[in-house]
Structures are given as C-alpha cells and as structure tokens.
Amino acid sequence: MDHEDAQDRLNQARDASRRSARQGALTTAILTAVLITALGVVVDLDMVWLLGLVAIGFVALSLARPVKLRLDWSDRTGVLLLTASGVAVAVVYVVTQWIARSAGVSVPNTVSALVAAVVVFAVCLPALVRLANGSTPLRGRSGSRDA
Amino acid sequence: MPDDDGAEDAAVSRQPLNPLFHEPARLALLSALAPAEYTDFASLLRITGVSKSALSKHLSALADAGVIEVGKSDTDRRGRRIALTTEGRVAFDSYLDALTAIVQNARG
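Protein chains in written order, with the numbering used here: chain X, 1 to 147; chain H, 148 to 255.
Worth flagging that the hints you see were computed from the coordinates, not collected in a lab. Misleading hints may appear alongside valid ones.
[Claimed, not checked] Here are the simulated lysine-lysine pairs, DSSO-like style, with alpha carbons at most 27 Å apart:
#, chain 1, residue 1, chain 2, residue 2
1, X, Lys-68, H, Lys-204
2, H, Lys-199, X, Lys-68
3, H, Lys-219, X, Lys-68
4, H, Lys-204, H, Lys-219
5, H, Lys-199, H, Lys-219
[Claimed, not checked] Some chain X residues well away from chain H (every beta-carbon gap over 12 Å; in silico):
#, residue
6, Ala-16
7, Ala-21
8, Leu-35
9, Ile-36
10, Val-42
11, Leu-45
12, Leu-71
13, Ser-74
14, Leu-81
15, Val-87
16, Val-115
17, Leu-125
[As the list claims (entries may be wrong)] Covered by chain H, according to a simulated footprint, are these stretches of chain X (three or more residues, beta-carbon under 8 Å):
#, region
18, 1-14
19, 58-69
20, 97-105
We treat Cβ as the ideally placed atom computed from N, Cα and C, and that holds for glycine.
Generate the whole structure from the sequences, applying the supplied hints.
Structure, rendered in structure tokens:
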C-alpha cells in the first residue's frame, strides 16, 4: 500500500469516527433537552407528582439510545468545556426565568427550559463530540486532508 | 529521542496490515465503533452506508475473529448492540499505527 492509499484510509476512518461521535452526542443532547423541557412543563402545569414518571421515562430512553458514547475523561480541556457548558445551561435557565417572570409570562419554567434546551445543542453537543473523538485511536493521527 | 522514534515508525510500517481491516466498509465500521461503548445495527447502517446484508456479513466476520461482540439490546429483543472488544481495539489501533507510519515515512 502506498502512502496516498494509507492517507485515504485514515481520512475515511476519521470521517466515520466523527459521524459516529456526532450521532452519539446528538442522541445524548436530545435526551437532555427533552428532560429539561419536560421538567419545565411539569412545574408550570403544577403537576410535580409527574416528576417520577419523567424520571422513569428519561432512564428508559437512556437505556434505549442507539449509540452510547465512550468519553475520554482524561481530556482536561474537553471535561472543562462540558462542565462550562453545563454551567452555561443552568445560568441561561435562571436568567431566562428571571426575565420571563419580570415580563409576566404565564409559563416561565417552560420558556426558560426551552431556551436552556437550545443552549444544550449549542454548547454541550460540541463538548460531547470532542470528548468522544478523544477516546478513539484516531486522535492525533498525522495528516488530515492535506495529502 | 528522534532516532528511536524513527526506528519505531520504520518497525511499525514494516508490520503487515491486518487483512481483516482492509475492506473499506470494515474500516468504516470499526471507525464508527471506536468512539462508542456500543452502537446499534441501524445506526451502523446509517453511518457506514452499506447494505443490511453486507453489514451483517462484515459483522459476522469481525465477531468470528473476536474483534467485535454482538449483544442484545436491553429494551428491544430484536435489536442488536455492537461493540469493539478490548482485543479489537488494540488490533484496530495497531492497524491505524501501521497506516500512519506509511504516511509519515513517505513524508520523510
């Protein structure tokens, strides 16, 4: 095998690995967004007794997810990004709730949960993809697409 | 030491490439499994873009070689969960090492 074939194969492998990591991260982000939104709706409807059902549903969906990522917890930057994104979601939730309550919105928890869910996709998703890609042997392989 | 690294690269590039991983679909399949604890059959179909029957054949060959393990889904009796074995990860890593060494040697 010559070096061009080898480079092509490495590129193919990297593409497939990224697609898989992205799909797994997307599944996790969807699950998290659904959980946050469900919590907001349940609180606004004043049906807190439904929280148990929401928790059971979340666990069931987690078990049924099609791709479970293998995260590289030794990647400090990735862990920091994920932690920071979690904090960002919480901050956005609180700030949006405060604004919604000040504006007299009737469903402040739902509104803030929806905005927080958007933040999950914007910031948690890339952090998860990074941590998942870090766990593959393809990390740090030389020569991306320049060959 | 750079000399040691060069000798190591040369040694890796002389390693025969595992013929089991040569097939492009198998390479895509293993690469898709690498960042995951497990992946289900339908997701692998989407990621690799191969047909159902081809994917089944590749999975059987890789499972027979002990590179992957195919288990049942917790929630769907008909669902299959596919994961790389520890040995499979090591073998795949070696294969990628050999490919990387070929590229690096050509670049000097």
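Each hint tested on the structure:
In summary, the hint linking Lys-68 (chain X) to Lys-204 (chain H) is supported, as the alpha carbons are separated by about 23 Å, within the 27 Å threshold. Note on Lys-199 (chain H) and Lys-68 (chain X): the hinted pairing holds, with a Cα-Cα distance of about 21 Å set against a maximum of 27 Å. A distance of roughly 14 Å separates the Cα atoms of Lys-219 (chain H) and Lys-68 (chain X); the hinted pair therefore holds under the 27 Å criterion. Distance check on the hinted pair: Lys-204 (chain H) and Lys-219 (chain H) sit about 18 Å apart at the alpha-carbon level, within 27 Å; holds.
Our distance criterion of 27 Å between C-alpha atoms is met by Lys-199 (chain H) and Lys-219 (chain H), whose separation comes to about 17 Å. Listed as a non-interface residue, Ala-16 (chain X) fails to keep its Cβ farther than 12 Å from every Cβ of chain H; the least gap is roughly 4 Å. The beta carbon of Ala-21 (chain X) sits about 4 Å from the closest Cβ of chain H, which is not more than 12 Å, so the claim that it is off the interface is violated. Distance check for Leu-35 (chain X) against chain H: the nearest CB is about 17 Å away, which clears 12 Å, and the non-interface claim stands.
Look at Ile-36 (chain X): its CB is around 22 Å from the nearest CB on chain H, clear of 12 Å, so calling it non-interface holds up. No beta-carbon of chain H comes within 12 Å of the beta-carbon of Val-42 (chain X); the shortest separation is about 23 Å. Once the 12 Å rule is applied to beta carbons, Leu-45 (chain X) is consistent with being away from chain H; the minimum gap is 28 Å. With 12 Å as the threshold on Cβ separation, the claim that Leu-71 (chain X) sits away from chain H is violated: the shortest Cβ distance comes to roughly 9 Å.
Listed as outside the interface, Ser-74 (chain X) is consistent with that label: its C-beta sits roughly 14 Å from the nearest C-beta of chain H, beyond the 12 Å cut-off. With a cut of 12 Å on Cβ distances, Leu-81 (chain X) stays outside the contact zone with chain H, its closest approach being about 16 Å. A cut-off of 12 Å between C-beta atoms confirms that Val-87 (chain X) is not in contact with chain H; the least separation is 25 Å. At roughly 29 Å, the least C-beta separation between Val-115 (chain X) and chain H is larger than 12 Å, which holds for a residue marked as non-interface.
No beta-carbon of chain H is positioned within 12 Å of the beta-carbon of Leu-125 (chain X); the least distance is around 14 Å. Only residues whose beta carbon comes within less than 8 Å of a beta carbon in chain H count, and the region 1-14 of chain X has 10; three or more means the coverage holds. For the region 58-69 of chain X, the stated coverage by chain H holds: 7 residues have a C-beta nearer than 8 Å to a C-beta of that chain, and at least 3 were required. A count of 0 residues in the region 97-105 of chain X with a Cβ less than 8 Å from any Cβ of chain H is obtained; the coverage claim is therefore unmet, three being the minimum.
Hint check: violations occur at hints 6, 7, 12 and 20; the rest are consistent with the structure.
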